[in-house]
Amino acid sequence: MVLRAVEGLSYAEIALAAGIPAGTVMSRLSRARTRLLAALEGGS
Amino acid sequence: MRADLDEKTDERLAALAAGGDRGAFDALVTRHRQAVYRLCWSAAGNAADADDAARRRSCGYIGRCPRTIRRAVRPVASKIAWNCGLSVRRDGNAGVPRVAEGDAPEAVDPAPGPEEAAAGNEERRRVAGAMAGLPAELRM
Numbered sequence: 414m415v416l417r418a419v420e421g422l423s424y425a426e427i428a429l430a431a432g433i434p435a436g437t438v439m440s441r442l443s444r445a446r447t448r449l450l451a452a453l454e455g456g457s
Numbered sequence: 010m011r012a013d014l015d016e017k018t019d020e021r022l023a024a025l026a027a028g029g030d031r032g033a034f035d036a037l038v039t040r041h042r043q044a045v046y047r048l049c050w051s052a053a054g055n056a057a058d059a060d061d062a063a064r065r066r067s068c069g070y071i072g073r074c075p076r077t078i079r080r081a082v083r084p085v086a087s088k089i090a091w092n093c094g095l096s097v098r099r100d101g102n103a104g105v106p107r108v109a110e111g112d113a114p115e116a117v118d119p120a121p122g123p124e125e126a127a128a129g130n131e132e133r134r135r136v137a138g139a140m141a142g143l144p145a146e147l148r149m
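Residue numbers (my numbering), protein chains in the order written: chain A, 414 to 457; chain B, 10 to 149.
If you are wondering where the hints come from, they were derived from the structure by calculation, not from laboratory data.
Positions of the beta carbon are idealized from the N, C-alpha and C atoms, including for glycine.
Misleading hints may appear alongside valid ones.
Stated by the list, open to error - Label-pair distances were calculated between CB atoms; the ranges are:
{"hint": "1", "chain 1": "B", "residue 1": "Ala126", "chain 2": "A", "residue 2": "Glu454", "range": "22 to 32 Å"}
{"hint": "2", "chain 1": "A", "residue 1": "Gly421", "chain 2": "B", "residue 2": "Asp35", "range": "18 to 28 Å"}
{"hint": "3", "chain 1": "A", "residue 1": "Thr447", "chain 2": "B", "residue 2": "Arg21", "range": "23 to 33 Å"}
{"hint": "4", "chain 1": "B", "residue 1": "Glu146", "chain 2": "A", "residue 2": "Glu454", "range": "20 to 30 Å"}
{"hint": "5", "chain 1": "B", "residue 1": "Glu124", "chain 2": "A", "residue 2": "Gly455", "range": "18 to 28 Å"}
{"hint": "6", "chain 1": "A", "residue 1": "Gly455", "chain 2": "B", "residue 2": "Asp35", "range": "43 to 53 Å"}
{"hint": "7", "chain 1": "A", "residue 1": "Ser443", "chain 2": "B", "residue 2": "Asp30", "range": "39 to 49 Å"}
{"hint": "8", "chain 1": "A", "residue 1": "Leu450", "chain 2": "B", "residue 2": "Glu16", "range": "40 to 50 Å"}
The following block holds chain B by itself, in its conformation from the complex (with noise of 0.2 Å):
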């Protein structure tokens, strides 16, 4: 990725990806994308439906609106990978590729000792769990 775009504003980024800037695109995207990942793991259930759901909002979905990202990139960008994950969750994922293994997400939390992650874990199922009981207009 070009250096020059990293100190630029996601309104910047969006602005020149609009212009047909594919570096602009990529970092804006790149930048987003832990965020974006999050919201379709949240919306499609599970980790492998969300990257489904990531991989296509970046393919297409951003690139077919940008006068909407220039306005506000970040609560858009959220609502299509948001909107991408119920698809997936609805439409099932056929035909789409799935991200190569070793291109998942890093892990957010160090490794904490095995009685505190079992714990952390334990109380994990539980708001997940909770969430999960949501409907989705109040999950989102």
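Looking at chain A on its own, in the form it has when it is part of the complex (with noise of 0.2 Å):
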């Protein structure tokens, strides 16, 4: 989430930070948006 919403890398530059494949990236962004909409809503 900070590498691509506060520091804006691409997927493919995320993948090569974290040394994990572009898929990865992606579900784990997906997953983490969930959890975060889910924490947000859930303590207002």
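From the two separate chains plus the hints, produce the assembled complex.
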């Protein structure tokens, strides 16, 4: 989330930085967004 | 810092740094300092440890992997910063000098009014809390 939303890196750049496949980057981002949304909606 | 270095690309600066040009190395670190600091902060969990992590990274890690830097400066620097932040969080910061207070990064936003600031702070706290609840692999 930090690398994508704050630093603006592409999926490929994040994959390189984290040493994981681009598909894993996308799935992790999706899970992170879902969990963040749930946390924010649950906390309001 | 040398003015001629400002116009060079990251890749060129990294190549120069790899060849022993200390000025190019300093220019590279300065150019990405804010981004590295933000990432260190996120990984380390607080400002003081982020300072330590950023300082550690700029003091040695980049200089030890010039070939990697040449290939992709920013993603690799991000990974290094992240790992440094995690390392500081895990191992503590014994023996690492603190960054002087006057050397702290500048605030991103201009000062808003009191009500706006309060609302913004509350929102930031909520988002930061939600981010802190994510596992490290998702937060990165």
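Q.
Which constraints among the numbered hints does this structure fail? Numbers only, ascending.
A. 3
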